[in-house]
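**Student:** Each chain is listed here by its residues.
2 protein chains.
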Amino acid sequence: MNLAGLRLALLAPIAWATPPSGYGPWEQIAYNIAEGMHRRGLNVTLFATGNSRTSGKLSSVVPVGLNEDPALNVDLYIALHIAALFERAHDFDLIHNNYDWKPLTYALATAKPPLLTTVHGFSSPPILGAYYRGAARSFYCSISDADRDPGLSYLGTAYNGIDPNEFTFVDTAGDYLVFLGRWHPEKGAHLAIEIAKRAGIRLKMAAIPQDTRYFSEMIAPHIDGDQIQNLGPVQRVARDELLRGALALVHMTTRPERFGLTLVEAMACGTPVLGARMGSIPEIVVDGVTGFLCESVDEAVARVPQLTALARRACRERVEKHFTVERMVERYCGYYMEALRLGTPPAPTAAQLAARAHDWWDRPQAFTDIPPKPRSQCY
Amino acid sequence: MNLAGLRLALLAPIAWATPPSGYGPWEQIAYNIAEGMHRRGLNVTLFATGNSRTSGKLSSVVPVGLNEDPALNVDLYIALHIAALFERAHDFDLIHNNYDWKPLTYALATAKPPLLTTVHGFSSPPILGAYYRGAARSFYCSISDADRDPGLSYLGTAYNGIDPNEFTFVDTAGDYLVFLGRWHPEKGAHLAIEIAKRAGIRLKMAAIPQDTRYFSEMIAPHIDGDQIQNLGPVQRVARDELLRGALALVHMTTRPERFGLTLVEAMACGTPVLGARMGSIPEIVVDGVTGFLCESVDEAVARVPQLTALARRACRERVEKHFTVERMVERYCGYYMEALRLGTPPAPTAAQLAARAHDWWDRPQAFTDIPPKPRSQCY
Numbered sequence: 001m002n003l004a005g006l007r008l009a010l011l012a013p014i015a016w017a018t019p020p021s022g023y024g025p026w027e028q029i030a031y032n033i034a035e036g037m038h039r040r041g042l043n044v045t046l047f048a049t050g051n052s053r054t055s056g057k058l059s060s061v062v063p064v065g066l067n068e069d070p071a072l073n074v075d076l077y078i079a080l081h082i083a084a085l086f087e088r089a090h091d092f093d094l095i096h097n098n099y100d101w102k103p104l105t106y107a108l109a110t111a112k113p114p115l116l117t118t119v120h121g122f123s124s125p126p127i128l129g130a131y132y133r134g135a136a137r138s139f140y141c142s143i144s145d146a147d148r149d150p151g152l153s154y155l156g157t158a159y160n161g162i163d164p165n166e167f168t169f170v171d172t173a174g175d176y177l178v179f180l181g182r183w184h185p186e187k188g189a190h191l192a193i194e195i196a197k198r199a200g201i202r203l204k205m206a207a208i209p210q211d212t213r214y215f216s217e218m219i220a221p222h223i224d225g226d227q228i229q230n231l232g233p234v235q236r237v238a239r240d241e242l243l244r245g246a247l248a249l250v251h252m253t254t255r256p257e258r259f260g261l262t263l264v265e266a267m268a269c270g271t272p273v274l275g276a277r278m279g280s281i282p283e284i285v286v287d288g289v290t291g292f293l294c295e296s297v298d299e300a301v302a303r304v305p306q307l308t309a310l311a312r313r314a315c316r317e318r319v320e321k322h323f324t325v326e327r328m329v330e331r332y333c334g335y336y337m338e339a340l341r342l343g344t345p346p347a348p349t350a351a352q353l354a355a356r357a358h359d360w361w362d363r364p365q366a367f368t369d370i371p372p373k374p375r376s377q378c379y
Numbered sequence: 001m002n003l004a005g006l007r008l009a010l011l012a013p014i015a016w017a018t019p020p021s022g023y024g025p026w027e028q029i030a031y032n033i034a035e036g037m038h039r040r041g042l043n044v045t046l047f048a049t050g051n052s053r054t055s056g057k058l059s060s061v062v063p064v065g066l067n068e069d070p071a072l073n074v075d076l077y078i079a080l081h082i083a084a085l086f087e088r089a090h091d092f093d094l095i096h097n098n099y100d101w102k103p104l105t106y107a108l109a110t111a112k113p114p115l116l117t118t119v120h121g122f123s124s125p126p127i128l129g130a131y132y133r134g135a136a137r138s139f140y141c142s143i144s145d146a147d148r149d150p151g152l153s154y155l156g157t158a159y160n161g162i163d164p165n166e167f168t169f170v171d172t173a174g175d176y177l178v179f180l181g182r183w184h185p186e187k188g189a190h191l192a193i194e195i196a197k198r199a200g201i202r203l204k205m206a207a208i209p210q211d212t213r214y215f216s217e218m219i220a221p222h223i224d225g226d227q228i229q230n231l232g233p234v235q236r237v238a239r240d241e242l243l244r245g246a247l248a249l250v251h252m253t254t255r256p257e258r259f260g261l262t263l264v265e266a267m268a269c270g271t272p273v274l275g276a277r278m279g280s281i282p283e284i285v286v287d288g289v290t291g292f293l294c295e296s297v298d299e300a301v302a303r304v305p306q307l308t309a310l311a312r313r314a315c316r317e318r319v320e321k322h323f324t325v326e327r328m329v330e331r332y333c334g335y336y337m338e339a340l341r342l343g344t345p346p347a348p349t350a351a352q353l354a355a356r357a358h359d360w361w362d363r364p365q366a367f368t369d370i371p372p373k374p375r376s377q378c379y
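Residue numbers (my numbering), protein chains in the order written: chain A, 1 to 379; chain H, 1 to 379.
A couple of the hints might just be wrong.
All copies of an identical chain are treated as equivalent in the list; a pair is satisfied when it fits inside any one copy or across any two copies.
Simulated pairs of lysine to any residue, SDA-like, Cα-Cα distance not exceeding 25 Å [to be verified]:
1) Lys204 - Arg255
2) Lys197 - Val304
3) Lys57 - Gly129
Since the hints were made in silico from the structure, they are not lab data.
Between the sequences and the hints, there should be enough to build the whole structure, so can you do that?
**Tutor:** Now the structure itself:
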């Protein structure tokens with residue numbers, strides 16, 4: 001089946017512009033998919049904020065990202081944004097939803113066209129109810145094998161892909177650790193600080209605000225502008241510079257990571273990863289080759305002196321082989337064809353229905369075979 | 001056209017059960033419409049909370065009202081509740097939406113059946129955007145002639161209707177004023193206190209929490225348990241007792257009232273209304289007959305001694321003539337027939353399009369010809 005000319009509606013989130021100028025991994029991936037599909041000849045309409053860019057067509061309701069203008073009515077614009085697509089559902093051959101669960105509730109009112117939803121992460125247990133309900137209408141795919149719910153069927157995994165050319169490869173190891181992300185306990189910035197202090201190495205942190213209490217209690221007291229530095233949020237150029245100059249990216253999450261775009265961005269610069277051995281990280285980082293997978297802070301501290309022995313070239317090569325836009329788009333094309341062939345998603349199996357009956361928090365193994373960090377290590 | 005057998009989907013809000021046990025005017029009206037239409041032989045499916053009652057069929061997703069269980073995920077259940085109806089849109093001949101603007105965004109994905117939305121009030125300017133957008137899909141009706149937006153077309157007004165038999169008529173004037181509603185500055189509880197104090201009469205207040213700062217700063221300091229009494233939220237039986245025993249209901253709103261269900265409930269008990277001369281109140285209260293319409297607190301204070309001269313029987317009779325469930329249902333049947341006849345709503349006129357371009361706050365006359373209270377009298 002040839003996908004050239006396929007009328008594809010691609011729904012992006014509207015927290016930020018697509019692509020984002022700084023933080024915004026979902027928007028970045030939506031952009032990458034739109035560009036990749038356009039290059040393959042699909043007729044792409046991107047539904048995103050008005051300040052977004054695309055080589056295809058842009059359809060927008062909200063002028064800028066909801067996080068970019070606090071005056072915008074969030075509830076209203078989310079609804080109008082999603083409705084703008086489903087109102088025109090019959091204009092498309094396929095809808096690819098990259099905007100979480102709410103579009104599923106809109107899709108239930110339309111029978112066509114086939115709908116594929118990328119599950120970019122389950123933010124909280126209750127939204128599983130919408131994914132279960134939406135399973136009658138939407139195909140699903142995951143962004144790592146680890147980040148799956150046992151109550152759902154998936155066409156497969158499409159790892160997030162980046163353009164390696166946007167990241168500068170450097171072959172020389174740096175002399176500091178880097179933390180990149182959000183100020184939220186699940187991202188483990190407090191563990192990165194502990195590791196840097198105990199290993200006697202500098203840590204540069206760049207993150208967007210989220211959990212203000214966590215930041216003021218667990219992070220701010222440690223910032224001295226010397227060993228522990230807070231650079232604030234960084235944009236594209238500064239991020240590249242920060243990543244390529246580092247000895248390693250520290251990514252000691254306290255709950256299973258869904259994918260972890262920064263891991264791939266760091267590796268594209270040649271910078272290895274010191275990461276938690278859970279969630280998606282073991283799928284992205286090859287232990288002892290492109291970083292170290294750690295069970296504990298103790299282990300991470302012990303690994304710091306060994307980081308210089310890793311070949312930075314191997315990190316770059318792993319990205320070029322597995323985590324490029326082209327590789328991602330190739331996978332999605334396969335799932336598009338499968339969705340078009342099947343038309344409607346498969347009915348849930350008995351095992352999936354049984355899994356849905358279990359409470360989410362009662363299934364610590366749901367995302368990974370590796371037990372989550374003990375609560376004592378979490379915030 | 002005979003509506004018997006018509007398959008009607010009636011969408012109720014889910015903040016409370018339908019009908020509510022205490023506060024919950026939108027749910028109460030949704031219940032009254034469902035019962036009235038069922039009595040007229042329509043095939044009614046009520047979409048409401050699981051703890052709702054109806055003589056027709058009940059369809060529910062959320063077990064109890066969102067305000068009745070704080071553990072419920074509001075965003076999720078609102079979406080699933082609305083989607084449960086539109087997913088089955090083809091099962092119905094007509095949809096009657098009593099749940100504000102969000103269902104309009106869902107309806108855009110379906111062409112049929114005709115949809116009628118009762119505008120129960122514009123809670124904030126931004127949601128007008130959804131009403132304008134939804135005007136291509138939904139007919140509108142208002143709950144008072146005053147509560148209309150000049151950018152929209154309306155089939156007409158259907159005044160909210162109650163069952164007068166649920167309220168006990170008493171022919172003897174009481175010796176206290178009563179305030180009923182929410183602790184929010186727009187409901188004017190602080191003005192009711194000022195009026196009672198200056199007129200030297202007791203005030204009994206029963207309200208549900210909303211604006212906690214308003215309550216603690218403007219209301220709580222005046223409560224002495226004697227002249228100014230706070231009874232907390234009241235349920236059905238206590239509300240009837242409170243209303244029928246009063247000299248008058250004070251309803252000095254600081255922004256135009258949309259309808260004011262408590263006005264009608266008080267009048268059903270024979271209790272007249274001391275109300276602001278703006279919004280819907282002049283349509284409900286006949287000045288000098290079923291209460292007094294006041295331009296200011298001064299005027300309201302001066303009217304208190306004159307309240308005993310009003311005939312309580314006239315209050316009851318006005319409700320029985322204009323504000324019963326049967327009267328409301330009769331009006332809605334007319335609008336249902338009109339919606340079925342037309343199929344799709346009319347295109348907006350040039351004047352309506354021009355009105356939409358104006359900022360909401362720049363139009364103080366939008367709801368009424370009477371200027372709103374000066375800001376100094378507002379909170």
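**Student:** Check Lys57 against Gly129 for me: Cα-Cα at most 25 Å, and say if that holds within a copy, between copies, both or neither.
**Tutor:** between (33 Å within a copy, 24 Å between copies)
**Student:** Have a look at Lys197 and Val304 and pick one of within, between, both or neither, based on CA distance no larger than 25 Å.
**Tutor:** Classified as within; 11 Å inside a copy, 74 Å across copies.
**Student:** If the cut is 25 Å between Cα atoms, do Lys204 and Arg255 qualify within a copy, between copies, both or neither?
**Tutor:** within (22 Å within a copy, 53 Å between copies)
The structure meets every hint from the earlier list without exception.
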